[in-house]
Amino acid sequence: EDQVTQSPEALRLQEGESSSLNCSYTVSGLRGLFWYRQDPGKGPEFLFTLYSAGEEKEKERLKATLTKKESFLHITAPKPEDSATYLCAVPQSNSGYALNFGKGTSLLVTP
Amino acid sequence: DVKVTQSSRYLVKRTGEKVFLECVQDMDHENMFWYRQDPGLGLRLIYFSYDVKMKEKGDIPEGYSVSREKKERFSLILESASTNQTSMYLCASSPAGGFFYEQYFGPGTRLTVT
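Keeping their order, the protein sequence lines are chains G and W. Following our numbering, the numbering of the first sequence begins with 1 at its first residue and continues without gaps. Following our numbering, the numbering of the second sequence begins with 112 at its first residue and continues without gaps.
Next comes chain G alone, as it looks inside the complex:
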């Protein structure tokens, strides 16, 4: 059965304190892994797509990496504006269209 698990559920960081969020998955034949950021009361905002193990993508203070079993979202020297819920998603094994989303990591960065 397809599963996407994110950890931790919540993370509190001081401004400038780097850390990583984890997304582990079990799907048959990975066809991509997607990271989103969601601010309270808003729709998810697309961040990155990773298609193969070893791939890395960067955007400002965020860097996403992918292995055969998990992905990490590394946050370097975070700022309060990085506070949000971060979601990862992978395509369902038996679908050409549908995504399975993890439940997200809620990140709070304090000044």
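One thing to keep in mind: the hints can contain errors.
[What the hints assert, rightly or not] The list that follows gives simulated cross-link-like pairs (lysine-lysine, DSBU-like), each with its CA atoms no further than 30 angstroms apart: (1) W/K182 / G/K79; (2) G/K42 / W/K164; (3) G/K57 / W/K124; (4) W/K129 / G/K42; (5) G/K103 / W/K114; (6) G/K59 / W/K164; (7) G/K103 / W/K166; (8) G/K79 / W/K164; (9) W/K182 / W/K129; (10) W/K182 / G/K42; (11) G/K79 / G/K42; (12) G/K103 / G/K79; (13) G/K69 / W/K168; (14) G/K59 / W/K114; (15) G/K42 / W/K168; (16) W/K181 / W/K168; (17) W/K181 / W/K124; (18) W/K166 / W/K181; (19) G/K63 / G/K42; (20) W/K166 / G/K79; (21) G/K79 / G/K69; (22) W/K114 / G/K79.
[Said to hold, decoys possible] Listed next, the stretches of chain W that the computed footprint assigns to chain G, with coverage defined by at least 3 CB atoms under 8 angstroms from CB atoms of chain G: (23) 145-154; (24) 158-167; (25) 212-224.
In short, the hints are calculated from the structure, not lab data. Glycine included, every Cβ here is placed at the ideal spot set by N, Cα and C.
With the hints as your guide, set chain W onto chain G.
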């Protein structure tokens, strides 16, 4: 930039009412999706459409129907709203093609059924 818009940010309806949620995308995407998002349950797919007039059930289609008469517009219909349909509803779109492409989301509609 891809733009996905939803007809209402907040909606309050009574039990038994028929509810229409509309979504419009301006990037000529083939695929469109309706999700609901609830605390502790995450995002769950209700229905999706991969072409005009084509639709497929997602993980939780019960109590919902959809309509896609034009490529840019995808409507979610609650035939007879119930309190357990109180939720945040999110529409998304994505291009079609050989790869599995990212989905772009609208701002969401917070629906309350009383």
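Here is how each hint holds up against the structure:
For the given pair, W/K182 sits about 40 angstroms from G/K79 by alpha-carbon distance, which is inconsistent with the 30 angstroms threshold. Of the supplied pair hints, the one linking G/K42 and W/K164 holds, its CA atoms being roughly 28 angstroms apart against a limit of 30 angstroms. The straight-line distance between the Cα atoms of G/K57 and W/K124 is roughly 43 angstroms, outside the 30 angstroms bound, and the hint therefore fails. Among the hinted pairs, W/K129 with G/K42 is consistent with the structure: their alpha-carbon atoms are about 25 angstroms apart, no more than 30 angstroms.
Between G/K103 and W/K114 the CA atoms are separated by roughly 25 angstroms; this keeps the pair inside 30 angstroms, and the hint holds. Of the pairs offered as hints, the one joining G/K59 and W/K164 is violated, with about 38 angstroms between alpha carbons and a cut-off of 30 angstroms exceeded. Taken as a hint, the G/K103 and W/K166 pair is honoured in the structure, with Cα atoms around 26 angstroms apart against an allowance of 30 angstroms. Note on G/K79 and W/K164: the hinted pairing is violated, with a Cα-Cα distance of about 45 angstroms set against a maximum of 30 angstroms.
Of the supplied pair hints, the one linking W/K182 and W/K129 holds, its CA atoms being roughly 23 angstroms apart against a limit of 30 angstroms. In summary, the hint linking W/K182 to G/K42 is supported, as the alpha carbons are separated by about 24 angstroms, within the 30 angstroms threshold. As the CA atoms of G/K79 and G/K42 are separated by approximately 20 angstroms, the hinted pair is consistent with the 30 angstroms bound. In summary, the hint linking G/K103 to G/K79 is supported, as the alpha carbons are separated by about 23 angstroms, within the 30 angstroms threshold.
At most 30 angstroms may separate the alpha-carbon atoms for a hinted pair to count; G/K69 and W/K168 meet this at roughly 28 angstroms. The suggested pairing of G/K59 with W/K114 holds, with an alpha-carbon distance near 21 angstroms, which does not exceed 30 angstroms. At roughly 24 angstroms between alpha-carbon atoms, G/K42 and W/K168 fall within 30 angstroms of each other, so this suggested pair holds. Restraint check: the Cα-Cα separation between W/K181 and W/K168 comes to about 19 angstroms, which is no more than 30 angstroms; the hinted pair holds.
Between W/K181 and W/K124 the CA atoms are separated by roughly 26 angstroms; this keeps the pair inside 30 angstroms, and the hint holds. Distance hint between W/K166 and W/K181 is fulfilled; the C-alpha atoms sit about 13 angstroms from each other, no more than 30 angstroms. Distance check on the hinted pair: G/K63 and G/K42 sit about 23 angstroms apart at the alpha-carbon level, within 30 angstroms; holds. A distance of roughly 42 angstroms separates the Cα atoms of W/K166 and G/K79; the hinted pair therefore is violated under the 30 angstroms criterion.
Distance hint between G/K79 and G/K69 is fulfilled; the C-alpha atoms sit about 29 angstroms from each other, no more than 30 angstroms. Annotation: proposed proximity of W/K114 to G/K79 holds, straight-line Cα distance about 27 angstroms (limit 30 angstroms). For the segment 145-154 of chain W, the proposed coverage by chain G is satisfied: 4 residues have a C-beta within less than 8 angstroms of a C-beta in that chain, meeting the threshold of three. Using a Cβ-Cβ cut-off of 8 angstroms, 3 residues of the segment 158-167 of chain W lie near chain G, which meets the minimum of three, so the contact claim holds.
Proximity of the segment 212-224 of chain W to chain G, defined as three or more residues with a beta carbon under 8 angstroms from a beta carbon of that chain, is established by the 9 residues found.
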